[in-house]
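Chains A and B supply the protein sequences, listed in that same order. First residue of the first sequence? That's 1 in our numbering, and the numbers climb one at a time after it. First residue of the second sequence? That's 413 in our numbering, and the numbers climb one at a time after it.
I should point out that these hints are in silico values taken from the structure, not numbers from a laboratory. Since the structure is predicted, the reported quantities are computational estimates derived from the model, not experimental observations. Please note that the accuracy of each hint is not assured.
Claimed, not checked - Residues on chain B that point at chain A, a partial pick, calculated with CB under 10 Å:
#	residue
1	L443
2	V444
3	L466
4	L468
5	L472
6	W473
7	I526
8	S529
9	L754
10	G757
11	I759
12	C886
13	M893
14	P897
15	R920
16	L921
A virtual CB, placed ideally from N, CA and C, is assigned to each residue, including glycine.
Listed here are the chains, written in short residue letters.
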Amino acid sequence: MEQGRATMLAPACSRLLAKFRLKPARNLECRSWASAAQAGLAHSKTWPRYKDVYKGRIMLQRLTRRVSGTTVSMWLIGLVILAVVAYGTYKTLALGKYSLANWTDLIIYGVAQGSVYALIALGYTLVYGILRMINFAHSEVFMSGPFIGYFVATSLDQAGFLDRQPVIGLAIVLLVAMLTSLTIAVLLERIAYRPLRRAPRLVPLITAIGASFFLQYTFRGLFGSGIKGYPEIEQLKGTWPLAGGVNILKTQVVVIVAAVIMLAGLYYFVQRTKTGKAMQAVSEDKDIAALMGIDVDHIIVVTFAVGGALAGAAGVLYVLLFRQVHFFMGFIPGIKAFTAAVLGGIGNVVGAMLGGLVLGIAESLFPNLVLDGLGIPAPYQLKDALAFILLVLILIFRPTGILGERLAAKKA
Amino acid sequence: MQAIKVKSRFNWLLPVKAGLLAGVIALLLALVGIVEIANQRPVIPGVLSVGQTLLLLPFLWAGYRAVRQAGSGEEAPPRFWLFVNGALAGLLTGALLTALLLVGKWINLRTVFINASPELYNLLTMGAGPAGVGILVPMIAGLVLGVVVAAISLLPERMRGSVVLGLSLIPVLAILSSALFAGRGLSIGSAIAVFVAATGGSYLWSIMQARVKERINNHPAGQRAAQWSRWALPVLIIALLPLLGKYPSEVMDMVGLYALMGLGLNIVVGFAGLLDLGYVAFFAIGAYVMGVLTSPEIGWTGIHLGFWGALPFAVITATLAGIILGIPVLGMRGDYLAIVTLGFGEIIRLVVLSDWLKPYIGGSNGITRIPKAVIGPLEFGTPQTLYYLIVAGCLIVAFASVRLKPSRLGRAWMALREDEDVAQAMGINLVRTKLLAFATGATFAGLSGAIFASKLTSIYPHSFNFMVSINVLCLIIVGGMGSIPGAIVGSLALVGLPELLREFTEYRLWVYGAALVFMMLNRPEGLVPEARRRLELHESEVESLDESGEKHVTVPG
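Bound-form chain A, shown alone:
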C-alpha cells in the first residue's frame, strides 16, 4: 500500500523537482530562500542583497551539478574522437587517393546497403515502440525469409523461369520470403513473447536471445551449415551508366527502388490506415488504447507481422546484393539495423529509415575516408567495428537518436 502511494506521488514530486531544477538532497539554500520569502523577509531591506548572493550560489551549484566529472570526461572523449575523425578525413582528402567516381560508388553502395538496413530497422522500431523490448530474434526473422526463398529461387532457376520472367520470378521469391519471415515473427510472438508480457524486463530479452539462437541452429540443422549461393538473374547483371561517367550496378538500382517503394508503403500504412493508427495508439499507451476499444493483442500480432514481412523483403534485397544465404547471416545486419533504429530514434518510423541510410553511407565511406587517412592497414576489416562504435557513441551522446523523442531516458 505504502509503495502504491509512493509511486502515485513520485511523478508529481519529480515533475516539481524538475521544474525548479532541484535535487532533493542539495536544495538547502533554495529552501531557506523560500522559507525566508515566506516569513516576509522579502519585504525587508536586506533581502535583495541576500537574494543576489543566493542566486549566484544557486547558479554555481546548478552548473557544478550538471557538469560532473563523468560528463566532462565523456565530452573530452567525444572531442578526441571528433578530432581523430577530422584529422583522418583531412589526410585522406589531402592525399587524394580516391577519385570522385570512387566516392560516388561508395555512396551508392552505402545507399543500397542502408535501405536494406532501414527495412530491417523498421521491424525493431515498430516492436520497440509497442512492447518496449528489443526483438533480439529479429535478425533471424530476417535470415529465414531469403533462406526459404533460396529453395524457391533455385527451383525456379532450374526450370529456367527466373531468366524468362525475372520480374514475376523475383516477385514470387519475394512473396515466399516475406511470408516465411512473417510466419516466424508471428510464431515468435505467440510462443516466446506473449506469455512474458508482464514479466520483469530482462526476462523477455533473454527469451529473445534464446529464440535467436534456437532459430539459427534450427536452420543450420534443417538445411545445413554451408553457404548457399543464390542464382543470378541474367537481366540484372552489369551496370547502367549514370551521369558523369559513373556506373551503377543494376541490382543496386533494383534494391534502392524496391526499398523506397516499401518504405513509402509502410509510412502510408502507419500514418493513414486505421490499423496503423491503432498501432500508434498502442505504442503511446497500451492500457488506454485497450480502453478505447483497440484489440491490443491483435495489434501486437500485426506489428510483428508487418515487421517480419519487411524483414523478409529486406532479406531478399540483401541477397540480391550479396547473392548468398547462410544460417548466421542475420547477426551482423541485425545488429547494424538495430544501430540504425537507435541512430534514427528508436520507436520512430521515419527515424529508422533515416538511420538506416545514414548508417549505410557512413559504413561504406568511413573506412576509406577516415581510417585510411590515419594509416591503419586494411581498414575494411574494421568496418563492422565502426558500426558498433557508432552505436556506442550515439547511445552515449544522443540516446534519443536523430528524430527520437524522450524515449531513451525514460523507458530505456
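Since chain A is already given, all that's left is putting chain B on it; use the hints.
This is chain B only, laid out in the frame that chain A set:
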C-alpha cells in the same frame, strides 16, 4: 452442477492438441539431425540408442500432457478415458512422423532437409524400413507409449515417482558410462538391474525416509556424522575428481573456468541486474594480458614474466577495463545496456583480429608459447593438476561472492536491480555501485581468462567470440540468476554435459537457445534459485496467497 459435468466429460481437443504439438517437436528433432547423431551412442546396445530415447521424449510428453489435463477436471474421468487420451495423443505424435515417412518415400526431401536420409527413416521405423508396414511403426509406438504413460499415471504417487526415476536413470547412467569410460552403454541385464535397484531403492527410501532421519537425529553420533558428511562429501568428491583420469579432468577444467566467469557475471547480471552481453571482452583482456606479458613471441614490451608475475597485471587490467567500459554505459538500462556491451565485446574482438594491432598482439595468428603456471617443483601442466588451480580460483571467487552478497555493497546491487530510481532515492551512489559491479565482474573474468591462456598455452581471437558471452549468460540463467551455487550447477549442466557429449557440439547452441526460452517461460528463477528472486518472479502468486489469508509467506534471507 450441470455445466461442470459437461465440462469434465471427455474432451477431444486436449489430446489432439498435445499430440500435434509433440508431433511437431518430434519432427523438428528428427529433421534437425540431432536424433541421427545421438543414434550413434547406445543406451542398451542393439535395443535402444540415445537418439531413440530422445525421440521418445515428445511421445511421453504428449501422453503426460493429455493424461494430466484430462485428469485435472472437477471430476476425474473414468480410467478408460485416460487410456484413450494418452493413446490418442501418442498416436497423433506418431502420425506426424508417419506423414514424414510417407512424403519422404515419394519425394527426395534431402535436397531441402539435409537430414532426411534413409538412415533417419530407418531409425524412425525402428529398423523396419519405410516400406510396407514399417511406415506405421511410429504410430504403433505412440499408441503403446500413450497407454504406458496413462498406466504410470494411475500408479500411487510414491510408486510413480520411483518408477519415473528408475526409468530415467537408465539413459543417464548409460550416457555417463559411455562418455566417461568409453563404455558401450548398459547391457539388458544391467539396465534391468539399474531400474529395479533405483525404483526399489527410491521407493523404500520414500517410505523409510522419515524414520531413518529421526533415528540419525536422535543419536548424537549419527548427528555428528550427518553434519560431517554434509561438508566432507562434496569436498571429497571435488578433491578426488581428477582420479577419474585425464579426459574428465579436462572437462572439469572447462567447467571450472566457466564457473569462474559465471560467478563474475552473476555479480553483474544476477546481483546488480545489469545485462552485460560483452562479458567475453574481459575474459579476452585477461587472456591477452597474460599472453603479451609472458609469451617470448611478443617482444615489444621487453617484459617476460612467469604466470604468477603476470597474473596480477592480467586481473588488474581486466578490472580497469571493467571500469573504463562501465563509465559510458552508466546512464543506460536494460536493452540499451545489453546492446552496447555486446558492441564492446565485438569491437574488442574485431580490433584484436585486425591487422592494425597485429605487431602487438598477434592478430589472427594469436599468441602462442604462453608458459604454464609453476609453484616450486609443481607445474600446472596436466589437466589434473590444472584442475586444482582452477578449483582454487573458483573457491576464492565463490568466497568473495558469498561475502559480497549480504554486504552493504551487495545489498546496494540488489536494490539497483529492483529499481534504479528508488535505489538512488535511498541514497545509493549509482555511479560507484554500478562501476564496482562491472569492475568485480571483470576481475573474475580476467582471472578466468589468465588461467585459460596458461591452460591452452596459446590464444586466438576466435576463442573470444560472442558465443562465450552467451554461454556464460546461459549458464547463470539456467543455474539461477543471483544464486552462487546456481552458477556452478549451471556450468556443470551447460558446459560439462556438452563436453561429455562431444558429438552434439553442433547442437550445443540449439539446445542452449531452447533451454533459455524454456527456462524463461517455465522456471525463470533457474535450477538452483536464489530465494529472493524466486519470490520476485512469482510475486503475483505470493500476493494472492497473502490476500486470501490462507498462507503467509515470509521472505527468507
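Results of checking the hints against the structure:
1. L443: This interface hint holds because 5 Å falls under the 10 Å limit.
2. V444: holds (3 Å)
3. L466: violated (13 Å)
4. L468: The hint is violated - B/L468 has no Cβ within 10 Å of chain A, the shortest such distance being about 19 Å.
5. L472: Violated. Min distance 21 Å.
6. W473: At about 16 Å, which exceeds the 10 Å cut-off, the nearest Cβ of chain A leaves the hint on B/W473 violated.
7. I526: OK, holds: B/I526 within 10 Å of chain A, min 4 Å.
8. S529: It is violated, given that the least Cβ distance between B/S529 and chain A is near 12 Å, above 10 Å.
9. L754: Holds, because the Cβ-Cβ distance from B/L754 to chain A comes to roughly 7 Å (cut-off 10 Å).
10. G757: holds (9 Å)
11. I759: holds (5 Å)
12. C886: Holds: closest Cβ of chain A sits about 8 Å from B/C886, inside 10 Å.
13. M893: Holds - the Cβ of B/M893 comes within 10 Å of chain A, reaching about 8 Å at its closest.
14. P897: Nearest chain A Cβ about 20 Å off; hint violated.
15. R920: holds (8 Å)
16. L921: holds (5 Å)
Comparing the model with each earlier hint shows violations of hints 3, 4, 5, 6, 8, 14; every other hint is respected.
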